[in-house]
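Protein chains in written order, with the working numbering: chain A, 1 to 300; chain B, 1 to 300.
A portion of the hints provided could be inaccurate.
You can't tell identical chains apart in this list, so a pair holds if it fits in one copy or across any two.
Unchecked claim - Below, a list of computed lysine-lysine pairs in the DSSO-like style, where the Cα atoms sit at most 30 Å apart: (1) K107 / K139; (2) K175 / K92; (3) K280 / K214.
It is worth saying that the hints were derived from the structure and are not from the lab.
Just so we're clear, the structure is a prediction, and the values are computed from it rather than from any experiment.
Protein chains: 2
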Amino acid sequence: MAITVVGSVAYDTIETPAGRRERCLGGAATYFSLAASFFTNVRVIAVVGEDFGKRQEAVFQARNIDTRGIEHTAGKSFFWEGSYLENINEAKTHNTELNVFAAFEPKIPEAYGDSEFLFLANIDPVLQRRVREAMPDVKLVAGDTMNYWIKDHRAALLEVLKGLDILLINDTETKMLAGNNNLVQAARAVMALGPKTLVVKHGEYGATLFHGAKIFRAPALPLEEVIDPTGAGDSFAGGFFGYLAAQREITPAAYRSAMFYGGVMGSFACERFGTERMQKLTRPEIDARFNLFRELTHLD
Amino acid sequence: MAITVVGSVAYDTIETPAGRRERCLGGAATYFSLAASFFTNVRVIAVVGEDFGKRQEAVFQARNIDTRGIEHTAGKSFFWEGSYLENINEAKTHNTELNVFAAFEPKIPEAYGDSEFLFLANIDPVLQRRVREAMPDVKLVAGDTMNYWIKDHRAALLEVLKGLDILLINDTETKMLAGNNNLVQAARAVMALGPKTLVVKHGEYGATLFHGAKIFRAPALPLEEVIDPTGAGDSFAGGFFGYLAAQREITPAAYRSAMFYGGVMGSFACERFGTERMQKLTRPEIDARFNLFRELTHLD
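The whole structure should be built from the sequences, with the hints applied where relevant.
Below, the structure is given as structure tokens:
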């Protein structure tokens, strides 16, 4: 079943110990939709500038991603520049230019109206809420956020959380949102704010699913070389939510497998700069890595 | 089959957000042997002072741990004082008094001679090596170390590593020992120094087993309250090595289960101050938690 995702489509200049890339195609909605497209139909809502052309469009088309909700306006696309030179697990931001994103007013194409799944990628919670309210009939809503919104836009974020089924954030964000340094207690406090399901991402240590009273831990793949971790979290979300959207019934077992597929897609994202790996990925590679995750964790 | 362990038997004064305890029974060999005693026979080599009396001895006796190798000498036992007030995952040391440990000369009782398993807990690598050489016929040798020995006693430590089958250390220690910030590359470099098997402990994120070319990840239990993390790593080692020592044949599957039992014993250690939880633990509780670890990680 189709997922509509709202978020950023952007250009990133990235430096890691493996090298430097100028203005790669990036953005949370880009990584999310590429990853989710291996499991289900994906429809994007975003805004881009005049620098977004046929070559970028083709990346989405190649994965059959619906881009009718990507608005083209005068100006330049969202731009981010960052590096991971000291710590491969932590981006250092050198520059952020909102550009056309500053005046982003998400518009939902009529053709997206029958989407049963909605993903609110990390953007201003005011916009997340607006999209959520414009799509009241979706079956399952998941979302992401970040420290900036938690710290300085808390009231707006709390409104978004009320309308979420699933929240995907990292350890620090979970503890910050709850004001509690114990992960289990913090998770419970966050779930009391709305989302019945919480996925806490631990970077190289995997992720933990809090689903009602149940807890499930999925590993990350120990990688011999992390070329570029940009978009790994969004790719995790795409694999996780894409897999869920493809299920006839969303059972506890489906959530567990979704956690593995999240880890699988996050691991691929790190293997090349930007979306390079995701563009060349095949479904058999995904299934093989899923089996590797099983071997990595299962007793027999 | 019996394990001989050499290491510290000590007193700890510990402060955590849950409270403060003065001079609890502690030390790596204490935690290790209590944890391992649930799986196999354990024999301790250590040194204590006049402050170690019948009450402390009784803690070992209650678990049928052989204490004939605990030497009693004039003076005070090793003493450590530390706190976990800012970060529950990282001890801040306030005071270390080596006391009788400063002149420790491990003596191996004749009755320990038929031990097939040897654990070299975190002590001076010169002493670790001496014990290793005095027990050349053991079937499997595992050991631990810490940043201090890696940094300032590297040559002596490298000699110990040559004689180890299994090394259990944490992320930071692995990367420091290898001089490499990528865990997989660092693990391979450490294994090239001797141990064919490496267990890297990630604290609240579990542990990774590198066993030849195979990798296995075991979770830690997400704990709602960590009362006192002191000894969690040594309890992990006791569960891990104790389980292995109890197997008729040490297969790859045995290593995987051993990783889970390590996590199980580490999680119990955190639930009370010092060795309090370990003293009251029962085998059915251990088995129930092992099943919980399976549920926490297995797809079906």
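Status of the hints after comparison with the structure:
1. Proximity of K107 and K139 under a CA criterion of 30 Å is satisfied intra-copy only: 20 Å inside one chain copy versus 69 Å between copies.
2. In this homomeric assembly, K175 and K92 come within 30 Å of each other (Cα to Cα) both inside a single copy, at 21 Å, and across copies, at 22 Å.
3. For the homomeric pair K280 and K214, the shortest alpha-carbon distance between copies (27 Å) is at most 30 Å, but the shortest distance inside one copy (36 Å) is not.
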